[in-house]
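Residue numbering for the sequence shown follows our numbering, starting at 1 and increasing by one per position.
For the record, the hints were derived by calculation from the structure and aren't laboratory data.
Positions of the beta carbon are idealized from the N, C-alpha and C atoms, including for glycine.
Worth double-checking, as some hints may not be accurate.
Derived pair list, reagent style SDA-like, types lysine to any residue, alpha-carbon separation capped at 20 angstroms [to be verified]:
| hint | residue 1 | residue 2 |
| --- | --- | --- |
| 1 | LYS543 | LEU309 |
| 2 | LYS386 | LYS453 |
| 3 | LYS215 | ALA200 |
| 4 | LYS89 | ASN172 |
| 5 | LYS175 | CYS159 |
| 6 | LYS526 | PHE165 |
| 7 | LYS453 | GLU92 |
| 8 | LYS577 | ASN674 |
| 9 | LYS169 | LYS215 |
| 10 | LYS216 | LEU309 |
| 11 | LYS216 | ASP308 |
| 12 | LYS589 | THR566 |
| 13 | LYS526 | HIS394 |
| 14 | LYS89 | ASP473 |
| 15 | LYS543 | ASN557 |
| 16 | LYS688 | ASN487 |
| 17 | LYS216 | ASN307 |
| 18 | LYS632 | SER503 |
| 19 | LYS618 | LYS632 |
| 20 | LYS89 | LEU105 |
| 21 | LYS175 | LYS215 |
| 22 | LYS119 | VAL4 |
| 23 | LYS175 | ASN307 |
| 24 | LYS302 | MET315 |
| 25 | LYS443 | LYS453 |
| 26 | LYS407 | ASN487 |
| 27 | LYS577 | ASN617 |
| 28 | LYS447 | ILE77 |
| 29 | LYS515 | LYS453 |
| 30 | LYS175 | ARG72 |
| 31 | LYS589 | ASN674 |
| 32 | LYS447 | LEU83 |
| 33 | LYS667 | ASP645 |
| 34 | LYS543 | ILE562 |
| 35 | LYS526 | LYS632 |
DEER-style ranges, computed between Cβ atoms [stated by the list, open to error]:
| hint | residue 1 | residue 2 | range |
| --- | --- | --- | --- |
| 36 | LYS169 | GLY464 | 53 to 59 angstroms |
| 37 | ASN563 | THR265 | 19 to 25 angstroms |
| 38 | LYS119 | LEU50 | 50 to 56 angstroms |
| 39 | PHE21 | GLY464 | 33 to 39 angstroms |
| 40 | THR242 | LEU6 | 33 to 39 angstroms |
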Amino acid sequence: MRKVNLLILAILPLFLLYIGFFYKEHAAYYLTSVDPEYCYLFSGLNIAHLKFPWHIDHPGSPLQLLSGIVIRIVHLIHDHGTLDQDVFKNPELFLFYIQTAIFLLHAIAIFITGYLISKVSGSLELGVFFQLTPFVSFSVISLLNRIIVEHLFITIILCLILITFLYIKDLNIKKRIVDNYLLMFALITGIGIATKVLFAPLLVIPLLLLPGIKKKIVFLLLTILSFAIFALPVFNRWNYFTHWIKVLFIHSGQYGSGASNIVDTSSFISNIKTIFSTDVFFPVIFFVLITSCLIYYLPFFKVKIKNDLYFKGLMGVTIAVILIIIVVAKQFKYFYLTPALLLMILGLYFVLAIYSRPFPILKKKIIIIPCLIIFLFCTYYFEVRKVFIYHSYHVNRNESFILTQNKIQKNYLLKPTLILSNYYGAPYKEYSLFLGINYCDEKMRNKYSSTLKTLYPDIYIYHGWNNLFNTWDNSASFIYLLRKYNNLILFSGDPVLENSLNSKIHGVNRQFDTKFNIVYFNETTKETIYEISYDSVLANSIKTFDCNAEIVDSSGNYFININGQTFSDGITQSQEKAKSGAYSSKLTKEAPYGMTAVLSEVITGEHYRFSVWKYNNKNENTGLVVSAQDSKIFYMLQTESLIKDSEWLELQIDLVIPEILNNQDIKIYCWNSNNDLPAYFDDLTIEKLPQ
Numbered sequence: 001m002r003k004v005n006l007l008i009l010a011i012l013p014l015f016l017l018y019i020g021f022f023y024k025e026h027a028a029y030y031l032t033s034v035d036p037e038y039c040y041l042f043s044g045l046n047i048a049h050l051k052f053p054w055h056i057d058h059p060g061s062p063l064q065l066l067s068g069i070v071i072r073i074v075h076l077i078h079d080h081g082t083l084d085q086d087v088f089k090n091p092e093l094f095l096f097y098i099q100t101a102i103f104l105l106h107a108i109a110i111f112i113t114g115y116l117i118s119k120v121s122g123s124l125e126l127g128v129f130f131q132l133t134p135f136v137s138f139s140v141i142s143l144l145n146r147i148i149v150e151h152l153f154i155t156i157i158l159c160l161i162l163i164t165f166l167y168i169k170d171l172n173i174k175k176r177i178v179d180n181y182l183l184m185f186a187l188i189t190g191i192g193i194a195t196k197v198l199f200a201p202l203l204v205i206p207l208l209l210l211p212g213i214k215k216k217i218v219f220l221l222l223t224i225l226s227f228a229i230f231a232l233p234v235f236n237r238w239n240y241f242t243h244w245i246k247v248l249f250i251h252s253g254q255y256g257s258g259a260s261n262i263v264d265t266s267s268f269i270s271n272i273k274t275i276f277s278t279d280v281f282f283p284v285i286f287f288v289l290i291t292s293c294l295i296y297y298l299p300f301f302k303v304k305i306k307n308d309l310y311f312k313g314l315m316g317v318t319i320a321v322i323l324i325i326i327v328v329a330k331q332f333k334y335f336y337l338t339p340a341l342l343l344m345i346l347g348l349y350f351v352l353a354i355y356s357r358p359f360p361i362l363k364k365k366i367i368i369i370p371c372l373i374i375f376l377f378c379t380y381y382f383e384v385r386k387v388f389i390y391h392s393y394h395v396n397r398n399e400s401f402i403l404t405q406n407k408i409q410k411n412y413l414l415k416p417t418l419i420l421s422n423y424y425g426a427p428y429k430e431y432s433l434f435l436g437i438n439y440c441d442e443k444m445r446n447k448y449s450s451t452l453k454t455l456y457p458d459i460y461i462y463h464g465w466n467n468l469f470n471t472w473d474n475s476a477s478f479i480y481l482l483r484k485y486n487n488l489i490l491f492s493g494d495p496v497l498e499n500s501l502n503s504k505i506h507g508v509n510r511q512f513d514t515k516f517n518i519v520y521f522n523e524t525t526k527e528t529i530y531e532i533s534y535d536s537v538l539a540n541s542i543k544t545f546d547c548n549a550e551i552v553d554s555s556g557n558y559f560i561n562i563n564g565q566t567f568s569d570g571i572t573q574s575q576e577k578a579k580s581g582a583y584s585s586k587l588t589k590e591a592p593y594g595m596t597a598v599l600s601e602v603i604t605g606e607h608y609r610f611s612v613w614k615y616n617n618k619n620e621n622t623g624l625v626v627s628a629q630d631s632k633i634f635y636m637l638q639t640e641s642l643i644k645d646s647e648w649l650e651l652q653i654d655l656v657i658p659e660i661l662n663n664q665d666i667k668i669y670c671w672n673s674n675n676d677l678p679a680y681f682d683d684l685t686i687e688k689l690p691q
């Protein structure tokens, strides 16, 4: 092949590398995309230690294996301490080289595909056409910034396309059950399914192409063997894997959630609409594929021939795409459609090969070259160009995250820190490492924890699974950490999560002994950094918290006492009745809750007395409540009174905190369940008694 042809065939592989390297989001993965990148980092680290990865959902084994190999090679060159220390100090370095390895695989696969197809067909144009496989969908190109299993499909499906093309073009296939093509088909499909089960519909392509029932059966058996080899970790957790697949099939929601009705019809239809309205080329080419299959047998077109491998290939591609669409519409994320998107060029080739038969002139370069140039332009304009358009957006977005990261690294990096992270990332690599370590089994988690604890000793990450702040090998309550350090940094990257923890960090007891000072706020990302100071002397001196309903804040939503502590439901303030002062809290059908206080993280054995005065208007369906945030855990209602002062009755609850409430936030509030009579409450008091 002439050197100029080789140079032409090198353009698209180099262009892919250009997109991958130069248009990579320059922010660290741990800022915005920790899942599944750090999952595969730890899975690869397990393999580097010759241990099974724990995460097998996809199953993703080829990507895990590749990650493990890259980690070992990079550590051999880099060698900063032990393997674990090297990875945990420099996780982004290892992720960069894992991604680089994938880029290089893609570039090599694109070049070899173009080269061999050009050589076998004698058409440089056809080789370039097949090299466009990953470029005809922006959704596929955008995966270049990620380390996910769908990314690996580019190389795998290019290999399948190449073997399919060579098989169809080979006029000297030996008539035996097992040949090189069958072995390669089985190898590639086994690797594909081991990468992600969603690859399975592509089995139909070699199944339709291979002749005879015996050959098809042998192909399936060898594919199973190939899958077993490349998905070996699955068999370490076979029961989990089969249960996971079963749950995905039975339930209609994401990740096996939702009702057990297999498919949610309304969501399915909505997802189908999204599938056909996202990319430009996909709906057009899909329509072409379907139409081409349907009209093939019509005599008018004169394209049908005996034992037509091109039509079998077309049918295989079309059926595979339909099956993938159905599966993706059930468990929807658009990038799940990647295998179908990568089949568009192959399907289009089959259509052109079949329907150009009556018109040999269409195969002349005078027709092919202009058409290819137009197609190249359309591919760039409608799909590839979006990469450059969105790149500037992502750079600007990431610059905002980097501002917070720089602030932390300059001023707060070595201080005891609590992290309330957005799930997708934080300006702390510790958060990403914490997420990754939880994709390991207990033995490897314990192994890694000892190293991580040494490297990052004073980092605590909140997680909802235990409602605590977690470090590498244990967890702690907010009050425990306040008492341990007295001064802390709190990073909040998720305002919604922070608001959900209001009772944990801003109860009336914390409002008295703990001060929050905002030292940084990122207007764009809504990230906040607090300096927290805890006064243990003050905490031990205060014994009573009270609310007399006399003062509300400017919003009218909160009562405020003389110490500046806030109590919810200030909107119930009323001048109609009062035990002391001029106001009380009036509860009605429309506003049944009044004067609500929260004690943050009470401790087993602490002794409290809660009391409030209730106006005696013969309303028996009202009282004082003490409850856990989840009332199913603990709930106590007091409606009876033993103390009377004129027209007012005092309700009391005496409580020694039981074990079930340890580290829980408890609510103390007034409640009226009577729809006809109002209730009036005044002078809510919370007393901490000696244990």
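Now for the hints, and whether the structure bears them out:
In summary, the hint linking LYS543 to LEU309 is not supported, as the alpha carbons are separated by about 86 angstroms, beyond the 20 angstroms threshold. Between the alpha carbons of LYS386 and LYS453 the distance comes to roughly 43 angstroms, so the proposed pair goes past 20 angstroms and is violated. Note on LYS215 and ALA200: the hinted pairing holds, with a Cα-Cα distance of about 18 angstroms set against a maximum of 20 angstroms. For the suggested pair LYS89 and ASN172, the alpha carbons sit about 56 angstroms apart, so the restraint of at most 20 angstroms is broken.
For the hint pairing LYS175 with CYS159, the CA-to-CA distance comes to about 23 angstroms; that exceeds 20 angstroms, so the pair is violated. Distance check on the hinted pair: LYS526 and PHE165 sit about 52 angstroms apart at the alpha-carbon level, beyond 20 angstroms; violated. For the hint linking LYS453 to GLU92, the alpha-carbon distance of about 19 angstroms falls within 20 angstroms, and the restraint holds. At roughly 18 angstroms between alpha-carbon atoms, LYS577 and ASN674 fall within 20 angstroms of each other, so this suggested pair holds.
A distance of roughly 19 angstroms separates the Cα atoms of LYS169 and LYS215; the hinted pair therefore holds under the 20 angstroms criterion. Restraint check: the Cα-Cα separation between LYS216 and LEU309 comes to about 15 angstroms, which is no more than 20 angstroms; the hinted pair holds. A threshold of 20 angstroms between alpha carbons decides the hint, and for LYS216 with ASP308 the separation of about 17 angstroms falls inside it, so the pair holds. A threshold of 20 angstroms between alpha carbons decides the hint, and for LYS589 with THR566 the separation of about 24 angstroms lies outside it, so the pair is violated.
Distance check on the hinted pair: LYS526 and HIS394 sit about 17 angstroms apart at the alpha-carbon level, within 20 angstroms; holds. Between LYS89 and ASP473 the CA atoms are separated by roughly 18 angstroms; this keeps the pair inside 20 angstroms, and the hint holds. Restraint check for LYS543 and ASN557: the C-alpha separation of about 25 angstroms exceeds 20 angstroms, so the hint is violated. Under the criterion of a C-alpha separation no larger than 20 angstroms, the hint pairing LYS688 with ASN487 is inconsistent with the structure, at around 25 angstroms.
Taking the CA atoms of LYS216 and ASN307, the gap is near 16 angstroms; set against the 20 angstroms cutoff, the hint holds. This hinted pair checks out: LYS632 and SER503 have alpha carbons roughly 17 angstroms apart, not beyond 20 angstroms. Simply put, LYS618 and LYS632 have alpha-carbon atoms about 29 angstroms apart, too far for the 20 angstroms limit, and the pair is violated. Taking the CA atoms of LYS89 and LEU105, the gap is near 27 angstroms; set against the 20 angstroms cutoff, the hint is violated.
A threshold of 20 angstroms between alpha carbons decides the hint, and for LYS175 with LYS215 the separation of about 10 angstroms falls inside it, so the pair holds. The straight-line distance between the Cα atoms of LYS119 and VAL4 is roughly 14 angstroms, inside the 20 angstroms bound, and the hint therefore holds. Of the supplied pair hints, the one linking LYS175 and ASN307 holds, its CA atoms being roughly 15 angstroms apart against a limit of 20 angstroms. Between the alpha carbons of LYS302 and MET315 the distance comes to roughly 18 angstroms, so the proposed pair stays at or under 20 angstroms and holds.
Restraint check for LYS443 and LYS453: the C-alpha separation of about 16 angstroms stays at or below 20 angstroms, so the hint holds. For the hint linking LYS407 to ASN487, the alpha-carbon distance of about 18 angstroms falls within 20 angstroms, and the restraint holds. Taking the CA atoms of LYS577 and ASN617, the gap is about 11 angstroms. The hint holds against a cut of 20 angstroms. Of the supplied pair hints, the one linking LYS447 and ILE77 is violated, its CA atoms being roughly 23 angstroms apart against a limit of 20 angstroms.
For the suggested pair LYS515 and LYS453, the alpha carbons sit about 28 angstroms apart, so the restraint of at most 20 angstroms is broken. At most 20 angstroms may separate the alpha-carbon atoms for a hinted pair to count; LYS175 and ARG72 exceed this at roughly 44 angstroms. Between LYS589 and ASN674 the CA atoms are separated by roughly 7 angstroms; this keeps the pair inside 20 angstroms, and the hint holds. For the hint pairing LYS447 with LEU83, the CA-to-CA distance comes to about 12 angstroms; that is within 20 angstroms, so the pair holds.
A distance of roughly 26 angstroms separates the Cα atoms of LYS667 and ASP645; the hinted pair therefore is violated under the 20 angstroms criterion. With a C-alpha separation of about 15 angstroms, the suggested pair LYS543 and ILE562 falls inside the 20 angstroms cut-off, and the hint holds. At roughly 34 angstroms between alpha-carbon atoms, LYS526 and LYS632 are farther apart than 20 angstroms, so this suggested pair is violated. Between LYS169 and GLY464 the CB atoms are about 56 angstroms apart, so this pair conforms to the stated range of 53 to 59 angstroms.
Checked against the hint of 19 to 25 angstroms, the C-beta distance between ASN563 and THR265 comes to roughly 57 angstroms, which is inconsistent with it. Between LYS119 and LEU50 the C-beta distance comes to about 40 angstroms, which lies outside the given range of 50 to 56 angstroms. Range check, PHE21 to GLY464: about 37 angstroms between beta-carbon atoms, so the 33 to 39 angstroms window is met. The supplied range of 33 to 39 angstroms is broken by THR242 and LEU6, whose beta-carbon atoms lie about 48 angstroms from each other.
Checked against the numbered hints listed earlier, the structure breaks hints 1, 2, 4, 5, 6, 12, 15, 16, 19, 20, 28, 29, 30, 33, 35, 37, 38, 40; every other hint is satisfied.
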